[in-house]
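As you go down the protein sequences, you meet chains F and L in turn.
In terms of my numbering, the first sequence opens at residue 1063 and continues consecutively.
In terms of my numbering, the second sequence opens at residue 10 and continues consecutively.
There may be inaccurate statements among the hints.
Covered stretches of chain L, going by a simulated chain F footprint (3 or more residues, C-beta under 8 Å) [claimed, not checked]:
{"no.": "1", "region": "31-37"}
{"no.": "2", "region": "47-58"}
{"no.": "3", "region": "78-88"}
{"no.": "4", "region": "132-139"}
{"no.": "5", "region": "142-155"}
Calculated cross-link-like contacts (lysine to any residue; reagent style SDA-like; alpha-carbon spacing at most 20 Å) [what the hints assert, rightly or not]:
{"no.": "6", "chain 1": "L", "residue 1": "Lys118", "chain 2": "F", "residue 2": "Arg1152"}
{"no.": "7", "chain 1": "F", "residue 1": "Lys1072", "chain 2": "F", "residue 2": "Pro1101"}
{"no.": "8", "chain 1": "F", "residue 1": "Lys1087", "chain 2": "F", "residue 2": "Arg1105"}
{"no.": "9", "chain 1": "F", "residue 1": "Lys1072", "chain 2": "L", "residue 2": "Arg68"}
{"no.": "10", "chain 1": "F", "residue 1": "Lys1072", "chain 2": "L", "residue 2": "Lys62"}
{"no.": "11", "chain 1": "L", "residue 1": "Lys62", "chain 2": "L", "residue 2": "Asp121"}
{"no.": "12", "chain 1": "L", "residue 1": "Lys118", "chain 2": "F", "residue 2": "Gly1113"}
{"no.": "13", "chain 1": "F", "residue 1": "Lys1087", "chain 2": "L", "residue 2": "Pro67"}
{"no.": "14", "chain 1": "F", "residue 1": "Lys1087", "chain 2": "L", "residue 2": "Met113"}
{"no.": "15", "chain 1": "L", "residue 1": "Lys118", "chain 2": "L", "residue 2": "Cys93"}
{"no.": "16", "chain 1": "F", "residue 1": "Lys1087", "chain 2": "F", "residue 2": "Ala1201"}
{"no.": "17", "chain 1": "L", "residue 1": "Lys118", "chain 2": "L", "residue 2": "Lys62"}
{"no.": "18", "chain 1": "F", "residue 1": "Lys1087", "chain 2": "F", "residue 2": "Ala1159"}
{"no.": "19", "chain 1": "L", "residue 1": "Lys118", "chain 2": "L", "residue 2": "Arg68"}
{"no.": "20", "chain 1": "L", "residue 1": "Lys118", "chain 2": "F", "residue 2": "Arg1157"}
{"no.": "21", "chain 1": "L", "residue 1": "Lys118", "chain 2": "F", "residue 2": "Thr1112"}
{"no.": "22", "chain 1": "L", "residue 1": "Lys118", "chain 2": "L", "residue 2": "Arg140"}
{"no.": "23", "chain 1": "L", "residue 1": "Lys118", "chain 2": "L", "residue 2": "Ser150"}
{"no.": "24", "chain 1": "L", "residue 1": "Lys62", "chain 2": "F", "residue 2": "Arg1082"}
{"no.": "25", "chain 1": "L", "residue 1": "Lys62", "chain 2": "F", "residue 2": "Val1181"}
{"no.": "26", "chain 1": "L", "residue 1": "Lys62", "chain 2": "F", "residue 2": "Ser1073"}
{"no.": "27", "chain 1": "L", "residue 1": "Lys62", "chain 2": "F", "residue 2": "Thr1099"}
{"no.": "28", "chain 1": "F", "residue 1": "Lys1087", "chain 2": "F", "residue 2": "Thr1112"}
{"no.": "29", "chain 1": "L", "residue 1": "Lys118", "chain 2": "F", "residue 2": "Arg1105"}
{"no.": "30", "chain 1": "L", "residue 1": "Lys62", "chain 2": "F", "residue 2": "Leu1078"}
{"no.": "31", "chain 1": "L", "residue 1": "Lys118", "chain 2": "F", "residue 2": "Val1114"}
{"no.": "32", "chain 1": "L", "residue 1": "Lys118", "chain 2": "F", "residue 2": "Val1181"}
{"no.": "33", "chain 1": "L", "residue 1": "Lys118", "chain 2": "F", "residue 2": "Pro1156"}
{"no.": "34", "chain 1": "L", "residue 1": "Lys118", "chain 2": "F", "residue 2": "Lys1072"}
I should point out that these hints are in silico values taken from the structure, not numbers from a laboratory.
Remember, it's a predicted structure, so these values are computed and weren't measured experimentally.
Glycine is no exception: its CB is placed at the ideal position from the N, C-alpha and C atoms.
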Amino acid sequence: MASDLHGLAKSMIDALPHSRALGLKLVGIGDGTAEMTLPYDERLIGDPETGVIHGGAVSTLMDTCCGAAVMGHGAAALVATIDLRIDYMRSAAPRHAITARAECYHVTRSVAFARATAVDGQGSGLVATAVGAFNVEWA
Amino acid sequence: MPTRRPESFRFPGRGRDAVLNALADRIPYISFLGISFERHGDELTAVLAFDGKLIGNPRLPALHGGVTAAFLEVAAIIELSWTCYREDFEGTASRGESAGADAMPRLPKTIDFTVDYLRPGLPRDAYARARVNRSGRRYASVHVEAWQDSRSRLFAQATGHFLMAAPTDAPK
């Protein structure tokens, strides 16, 4: 069952052209949680002096990972972001992948609430956190 | 109707565009998304040229929510950086001195960014305009709005807080 969900979610996320363009990878999904990675890519640099990835790419990682966590909660026909807030704690380390873990912590008939954290495996603490509300049509 | 003074009376327009282009061109992610900037006087409009790789849901199809967030954040950062640059250097430019490429605008760092998705982003060009509501020495608050077919029908808006970079030419 879990592997079916993983396969379904993975194929859905792989089918998103922009997720493919960024090279986003679904590492795990299930029970209202999801884990995704954003590989380091020079095309995504936001600060040419430091080589740090632009916050916008981190936003896409967080948005997609939160959406995947909602799918991990139950079969959804549609997941659309209503709002998303990202807090940036520190710059992500250049030349390292960023990993996000999201949790869908509450759902209603039409709205899912999710939050996520991102780390780069370097230095201490979080790179960013996110919280959002999602419009859901359950399948 | 007031007479329009030539822009070069105060600011050399070519200098402004050169600085703006240099600012946007040196950030790889801005080219990756296909964002450009149009300037009319001191008003900046960010333009996101539609491309298939910006699509999130291919069934609708609609722009990826992350692309919308990124577009708004880029528009906010460039507006803020460019506003600070003008405050820092255009006094110099107006005296006929060159505020050249060695005096590049500083890039602020995002503290937080909140995006409000009002309707799906359609598979066509999008536009954004940002407004700096607070610009202090330490942080700034910027609001940004994005639309496609009609300026009065926004498809997304956002508010962000940004840490100001230390002035490069701060007096010691």
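Now for the hints, and whether the structure bears them out:
Proximity of the region 31-37 of chain L to chain F, defined as three or more residues with a beta carbon under 8 Å from a beta carbon of that chain, is established by the 3 residues found. Interface restraint, the region 47-58 of chain L with chain F: violated (0 residues with C-beta to C-beta distance below 8 Å; minimum three). For the region 78-88 of chain L, the proposed coverage by chain F is satisfied: 5 residues have a C-beta within less than 8 Å of a C-beta in that chain, meeting the threshold of three. Check result for the region 132-139 of chain L against chain F: violated, 0 residues qualifying (beta carbon to beta carbon below 8 Å, three or more required).
For a cut-off of 8 Å, the count of residues in the region 142-155 of chain L with a CB near a CB of chain F stands at 0, and the three-residue condition is violated. Under the criterion of a C-alpha separation no larger than 20 Å, the hint pairing Lys118(L) with Arg1152(F) is consistent with the structure, at around 9 Å. Of the pairs offered as hints, the one joining Lys1072(F) and Pro1101(F) holds, with about 17 Å between alpha carbons and a cut-off of 20 Å not exceeded. A hinted pair counts as satisfied when its Cα atoms are at most 20 Å apart, and Lys1087(F) with Arg1105(F) qualifies at roughly 17 Å.
Simply put, Lys1072(F) and Arg68(L) have alpha-carbon atoms about 16 Å apart, close enough for the 20 Å limit, and the pair holds. This hinted pair checks out: Lys1072(F) and Lys62(L) have alpha carbons roughly 18 Å apart, not beyond 20 Å. Simply put, Lys62(L) and Asp121(L) have alpha-carbon atoms about 26 Å apart, too far for the 20 Å limit, and the pair is violated. Between Lys118(L) and Gly1113(F) the CA atoms are separated by roughly 14 Å; this keeps the pair inside 20 Å, and the hint holds.
At most 20 Å may separate the alpha-carbon atoms for a hinted pair to count; Lys1087(F) and Pro67(L) meet this at roughly 18 Å. This hinted pair does not check out: Lys1087(F) and Met113(L) have alpha carbons roughly 36 Å apart, beyond 20 Å. Of the pairs offered as hints, the one joining Lys118(L) and Cys93(L) holds, with about 13 Å between alpha carbons and a cut-off of 20 Å not exceeded. Distance check on the hinted pair: Lys1087(F) and Ala1201(F) sit about 24 Å apart at the alpha-carbon level, beyond 20 Å; violated.
For a cut-off of 20 Å, the pair hint linking Lys118(L) to Lys62(L) is broken: about 26 Å separates their Cα positions. Between Lys1087(F) and Ala1159(F), the direct Cα distance comes to roughly 11 Å. Compliance with the 20 Å bound is thereby established for this hinted pair. At roughly 35 Å between alpha-carbon atoms, Lys118(L) and Arg68(L) are farther apart than 20 Å, so this suggested pair is violated. Using a Cα cut-off of 20 Å, the hinted pair Lys118(L) and Arg1157(F) holds, with the two alpha carbons roughly 19 Å apart.
Proposed proximity of Lys118(L) and Thr1112(F) is supported: the alpha carbons are some 12 Å apart, at most 20 Å. Simply put, Lys118(L) and Arg140(L) have alpha-carbon atoms about 17 Å apart, close enough for the 20 Å limit, and the pair holds. For the proposed pair Lys118(L) and Ser150(L), the alpha carbon gap of about 12 Å is at most 20 Å, so the pair holds. Of the pairs offered as hints, the one joining Lys62(L) and Arg1082(F) holds, with about 8 Å between alpha carbons and a cut-off of 20 Å not exceeded.
This hinted pair does not check out: Lys62(L) and Val1181(F) have alpha carbons roughly 26 Å apart, beyond 20 Å. A threshold of 20 Å between alpha carbons decides the hint, and for Lys62(L) with Ser1073(F) the separation of about 17 Å falls inside it, so the pair holds. Of the pairs offered as hints, the one joining Lys62(L) and Thr1099(F) holds, with about 19 Å between alpha carbons and a cut-off of 20 Å not exceeded. Restraint check for Lys1087(F) and Thr1112(F): not satisfied, since their Cα atoms lie roughly 25 Å apart, outside the 20 Å limit.
Distance restraint check for Lys118(L) and Arg1105(F): the Cα-Cα separation of roughly 19 Å lies within the 20 Å cut-off, and the hinted pair is therefore satisfied. A distance of roughly 9 Å separates the Cα atoms of Lys62(L) and Leu1078(F); the hinted pair therefore holds under the 20 Å criterion. With a C-alpha separation of about 11 Å, the suggested pair Lys118(L) and Val1114(F) falls inside the 20 Å cut-off, and the hint holds. Taking the CA atoms of Lys118(L) and Val1181(F), the gap is near 18 Å; set against the 20 Å cutoff, the hint holds.
A distance of roughly 15 Å separates the Cα atoms of Lys118(L) and Pro1156(F); the hinted pair therefore holds under the 20 Å criterion. Of the supplied pair hints, the one linking Lys118(L) and Lys1072(F) is violated, its CA atoms being roughly 33 Å apart against a limit of 20 Å.
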